[in-house]
Every structure is written in C-alpha cells, then in structure tokens.
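Residue numbers (my numbering), protein chains in the order written: chain X, 18 to 170; chain H, 18 to 170; chain D, 18 to 170; chain S, 18 to 170.
Derived from the structure by calculation, the hints contain no laboratory data. Each residue gets a CB set at the ideal place from its N, CA and C atoms; glycine is no exception. Accuracy of the hints is not assured; some may be wrong.
Unchecked claim - If the Cβ cut is set under 8 Å, some of the chain H residues that face chain X in the computed set are:
no., residue
1, HIS76
2, THR82
3, LEU111
4, GLY146
5, THR147
Stated by the list, open to error - Here are the computed lysine-lysine pairs in the DSSO-like style, where the Cα-Cα straight-line distance is at most 27 Å:
no., chain 1, residue 1, chain 2, residue 2
6, X, LYS131, S, LYS131
7, X, LYS164, X, LYS131
8, D, LYS164, S, LYS144
9, H, LYS149, D, LYS164
Protein chains: 4
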Amino acid sequence: MTTTFTPANPDFAARIQRSFARQGFMGFLGAELTRVEPGLVEIQVAFRPELTQQHGFFHAGVVGTLADNCGGYAAFSLLPADASVLTVEYKLNLLAPAAGERLVSTGRVVKPGKSLTICRCEVEVVKDGTAKLCAASQMTLMSLPGKSDRPQD
Amino acid sequence: MTTTFTPANPDFAARIQRSFARQGFMGFLGAELTRVEPGLVEIQVAFRPELTQQHGFFHAGVVGTLADNCGGYAAFSLLPADASVLTVEYKLNLLAPAAGERLVSTGRVVKPGKSLTICRCEVEVVKDGTAKLCAASQMTLMSLPGKSDRPQD
Amino acid sequence: MTTTFTPANPDFAARIQRSFARQGFMGFLGAELTRVEPGLVEIQVAFRPELTQQHGFFHAGVVGTLADNCGGYAAFSLLPADASVLTVEYKLNLLAPAAGERLVSTGRVVKPGKSLTICRCEVEVVKDGTAKLCAASQMTLMSLPGKSDRPQD
Amino acid sequence: MTTTFTPANPDFAARIQRSFARQGFMGFLGAELTRVEPGLVEIQVAFRPELTQQHGFFHAGVVGTLADNCGGYAAFSLLPADASVLTVEYKLNLLAPAAGERLVSTGRVVKPGKSLTICRCEVEVVKDGTAKLCAASQMTLMSLPGKSDRPQD
Numbered sequence: 018m019t020t021t022f023t024p025a026n027p028d029f030a031a032r033i034q035r036s037f038a039r040q041g042f043m044g045f046l047g048a049e050l051t052r053v054e055p056g057l058v059e060i061q062v063a064f065r066p067e068l069t070q071q072h073g074f075f076h077a078g079v080v081g082t083l084a085d086n087c088g089g090y091a092a093f094s095l096l097p098a099d100a101s102v103l104t105v106e107y108k109l110n111l112l113a114p115a116a117g118e119r120l121v122s123t124g125r126v127v128k129p130g131k132s133l134t135i136c137r138c139e140v141e142v143v144k145d146g147t148a149k150l151c152a153a154s155q156m157t158l159m160s161l162p163g164k165s166d167r168p169q170d
Numbered sequence: 018m019t020t021t022f023t024p025a026n027p028d029f030a031a032r033i034q035r036s037f038a039r040q041g042f043m044g045f046l047g048a049e050l051t052r053v054e055p056g057l058v059e060i061q062v063a064f065r066p067e068l069t070q071q072h073g074f075f076h077a078g079v080v081g082t083l084a085d086n087c088g089g090y091a092a093f094s095l096l097p098a099d100a101s102v103l104t105v106e107y108k109l110n111l112l113a114p115a116a117g118e119r120l121v122s123t124g125r126v127v128k129p130g131k132s133l134t135i136c137r138c139e140v141e142v143v144k145d146g147t148a149k150l151c152a153a154s155q156m157t158l159m160s161l162p163g164k165s166d167r168p169q170d
Numbered sequence: 018m019t020t021t022f023t024p025a026n027p028d029f030a031a032r033i034q035r036s037f038a039r040q041g042f043m044g045f046l047g048a049e050l051t052r053v054e055p056g057l058v059e060i061q062v063a064f065r066p067e068l069t070q071q072h073g074f075f076h077a078g079v080v081g082t083l084a085d086n087c088g089g090y091a092a093f094s095l096l097p098a099d100a101s102v103l104t105v106e107y108k109l110n111l112l113a114p115a116a117g118e119r120l121v122s123t124g125r126v127v128k129p130g131k132s133l134t135i136c137r138c139e140v141e142v143v144k145d146g147t148a149k150l151c152a153a154s155q156m157t158l159m160s161l162p163g164k165s166d167r168p169q170d
Numbered sequence: 018m019t020t021t022f023t024p025a026n027p028d029f030a031a032r033i034q035r036s037f038a039r040q041g042f043m044g045f046l047g048a049e050l051t052r053v054e055p056g057l058v059e060i061q062v063a064f065r066p067e068l069t070q071q072h073g074f075f076h077a078g079v080v081g082t083l084a085d086n087c088g089g090y091a092a093f094s095l096l097p098a099d100a101s102v103l104t105v106e107y108k109l110n111l112l113a114p115a116a117g118e119r120l121v122s123t124g125r126v127v128k129p130g131k132s133l134t135i136c137r138c139e140v141e142v143v144k145d146g147t148a149k150l151c152a153a154s155q156m157t158l159m160s161l162p163g164k165s166d167r168p169q170d
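Using the sequences and the hints, build the whole thing.
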C-alpha cells in the first residue's frame, strides 16, 4: 500500500519544521523531526527517566504523542499553504513494552482528502540497536482552510 | 450508566498512588492524582508553555496521556492485589481546542473483567474557572496476574 | 453526562424514519427504529438464525451495524434540514457474547458540531427478559450541508 | 510491513472454511471466503439491494461486518488447534462511499500474540471492474485456549 503523493504546497517540509519548532511539548520531550516527505513524517525521541511509566519503560503517553504528531504532520504535508491541520481522533494499539533507548514513530497518509485525511502510524522501540514494533495507530485529521498554524494575535 | 464497584484489593487507593509516583512522566508533566475511587480515577495538570502544541494550547499528546493514564488506573483500582494492568489500546476523540489553565481527566470503568476491562474517559479543560469537555476516550485494559507493578530487579 | 439538545430541524423524527425506511439493509435484518429524540436514537433487532456467528449468537457485524446506525441517526437528529450525515469512523468494543433474543442499541450525541458530531452507543442483549450490556462504541459523524439523504437522480 | 507467518495448526484453512460456513450471517449476506493464507484472509460480497444504506450504496454495517470477519479469521489462522478467537474491539474508518458491484475485504495480522493479536483490514469496492479503497480498520482479537469454535452442546 505504498503510494506517491504530490504535495499541494512545495514549501511543505520547511513549514512542518517551523510548526514542530513551535510545539513546546516536542522540545520538552526532546523529540526530533527526522524525516519529512510528501505524506510521510518520522519523529524520534531518546530515552530519559522523565519519560517513563512505572516499570521504567517509555510511557504510553509518549508513544501516543509521537504517533499522533507524526500522523498529523504526514497529513499536513499534503495540505495547501493556507490550511491548518487538526487531529479529529486516533486509535492506538500498544503491541509490546516500549523498553529501549529510542522511539521511532512513522506516520503515513492512507487516504488524503480535501476535508479529511486518514493516516496510519507505526512506532518502533530501538533496544541495543534492534528495532521492534511497539505500537500501531490509525487516525483521522481535518483540514482547516484559512486557519493559520501559528497562535492568533 | 453509574455503577458501584467493589474493589478486590482494599489497599487499591494507596497502591495507585505509589504506582503514579513511580511514573517519571507524570512528575515531568506536573500531573496530580486528584481522585481515586473504585472504578474511577481523576488526574489533573496545570498549564505550562512546555505542554503546548503550535497554537499555544495543551498538546493533544498531553490530553491523550492523561486520558490513557486515568483509564488505566480506573481499571487497576478493581484488580486483585497480585495483578498489574496493561493498556491494550485506546481511542481518543478531540472535541475542542484544549485552551485553558488546567486539564481535568476522569476515567471510569464501563465493564470490569477478569482478563479485560473497558473504560471511558472524559477530559475537560478549565478556562477562567469554567470547565469544557475537550476530549473523550474509550479504551481496553488487560489484567496481568502475578505481574508486579514495579520494575523487575 | 445527560444533555438536552434542541433540534435545528423540527421535522427530525419523521425525517429519520423516512431515511431508515430507505435503508434496504435495515429491512433485511428486521431492524426496527424504536426511539427517536433530539440527540438520541434507539434501534432493535430480534434474533434470527440468519444473524448469527459460529456459536449461534448474534454476529458482531449485526451488533456493529446497529451501533453505527443509531449513532449516525442520533447525530442526524440535530442537523439542519438541508444537511445529510456521514459516518467518518467508529470504534466498537465487544463486552460480552451477544447471546439472547433481542439486541437494543442506543446512540447518544456527546458533542454536536457544525461539521463533526461525536456520539457514543451502547448495545444491550436481552435474554429471558434481562438486558445485559454487550457492546460500547464511540464514533465520529460528519455533516454534509446541501447533500440530500436520498439517492441522487 | 509484509511478514510471513507459520501457522500453529496445519489444518487452519479448512478450519476457517468450516467456521465461516457455520456463520449464518455470512450466508445471509451472500459473503464468500475467497482467500485464506497464514495471517491473511479475504472475504467478498456482491451487491444486492438488501445490503444498502439510504443512498443505495453498500451499508456501512456490511463494510464493517466484512472488515471484522476477515480480521478475526486472519488472527484465527495463526492460533493453535485447540483455541478459538474472539473480537475484543475494532476501529473502522470509512474512506469513500461504498458504491459498486462488489466489496473485497482483506485482513492481515500485524502482530500475532499468545493472548492478543492485532490486525489491520482494508475494504475495497469494485465498480465497473476498478477497485477503490473504501474502508480501513485496525482491530484487537483474543485467543481463547480450550474454547471450541462450535456451539456448545
């Protein structure tokens, strides 16, 4: 199910980088935007004790945050320059304990649309250099034409 | 759909408080466990610029983290003393921008079970003292009998 | 979380009955529209061997169909007269075997919206006159302004 | 994300065919089991006016039924001979009107497990010989060791 998408906004990659940089939460988590392509975005975060649940693994909230965010930006990559993106909903399955030194989350557009875009994400946890699938998500994003991606003045 | 549940472990509230305190991510977010009853758990977090998305509102990842966590602990409140809890999956709808000074997330058990427990959560955002529903979740939790809630030595 | 909604279209109940009657699948299943209120719709179906899974209980597909449909019509009940309704997505938890003589599915609007409406549904199975919760759903509906609810000529 | 799975039960295909034949609802819909491989099951159904929603397209309930069933059997294909399968929950996005002469639903195992199996499904609608993706699902299945797939005597 690999598809090639043509972005409506040629500046999509720089636009996503600017939006990511405005998300205080990404900086707080130490998350990095590591791949931006039309309809595909990858986000990574390194392990820190501040990101853990009670067993010392990555907290499901961190996994969900990355999945939500890379799916949202994957959808955003295909939107026109005057539109903003909104997460309508997502569903996340946790497949294995997120035990490792790094999370790598990849979001892909399954079905772009003028109003709604559907994405799927996979989150892998890297332990001793080996990646293992630890979460899978399916989500719905909405395009907001004429809505800025920046805070309103 | 209000039901009264009888906890299998009379020490459930103290147990949840200890587990919550072991989650590094909760401390990092500044989240507080504000209500623990049989089958019901409430978690709150105050606004900080570190928790924002690009418009300056609470990040959906923070909203999802609270929803996941209060649902997980609501299920945990009904489990026997020797069992641990695991999030199998959750689905979250974002209903309104999480713009405000505080998030209040409440998780309730819909259907307890020996193996699987189903919960629903609502997240409200409080702005100028007025609470507004901003997210709703439905989730599946699994009981892990004989599995400790602490890190393994 | 009980809310009173004011329907935009005073003719909403008759409109839903006409739409339900146009759904060939509802007649095929023998489903009945048993309750229509602003933001709330109930659909029932009686047991028949044609509606079963391999153990002889109601098939999950029948349960899901009722949940989807009563949520869709609950949203539809609040839409203006010129708008049609579309299911964007739904999530359904199956809580108990649907073993009994009748399914009763109730959909309620959680959050109405100009564009998107969020609903929750519960499905009960009635066995020997006693109702038991067997499924719970959360779903996203979309309003399509200017789109007819009838087949296009 | 294509993986090859080794079935625990060499008789898995015949077992699924027998289970499918016991589902009264599949015969009622006119659904056919068209492909059974380790971790992959395809189900099709031809258009009939009895399967429609109000615009005359396939009803979302039919789409959801096929998605649920092919995901359930995809998981079942990898289970040991003494285990039965149960749908815990599924989430379905409807991507396009299911307007056409045939539905083709394909379920694939994403992550098999001793207790829980995660699947994804895609449903295509075939119109004038051209297939179009109309729904995508992600679901959780549970293995029930020692539980028969037949009705209990």
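Classify the hint on THR147/H as holds or violated, based on whether any CB of chain X lies nearer than 8 Å to its CB.
Hint violated; THR147/H Cβ to chain X Cβ min 20 Å, cut 8 Å.
Quick one, is the LEU111/H hint okay against chain X at 8 Å, beta carbons?
Holds, because the Cβ-Cβ distance from LEU111/H to chain X comes to roughly 5 Å (cut-off 8 Å).
Restraint check for LYS149/H with LYS164/D, where alpha carbons must lie at most 27 Å apart
violated, 31 Å
So, as I understand it, the hint says THR82/H touches chain X; can you test that by seeing if any CB pair is closer than 8 Å?
holds, 3 Å
LYS164/X and LYS131/X: Cα distance at most 27 Å?
holds, 14 Å
Compare the distance between the alpha carbons of LYS131/X and LYS131/S with 27 Å, and conclude whether the hinted pair is satisfied.
violated, 41 Å
Once the shortest beta carbon distance from HIS76/H to chain X is found, is it less than 8 Å?
Nearest chain X Cβ about 4 Å off; hint holds.
Let's test the interface hint: is any C-beta of chain X closer than 8 Å to that of GLY146/H?
violated, 22 Å
Holds or violated: are the alpha carbons of LYS164/D and LYS144/S at most 27 Å from each other?
holds, 22 Å
In the structure shown, a violation is registered for the earlier hints numbered 4, 5, 6 and 9, in ascending order.
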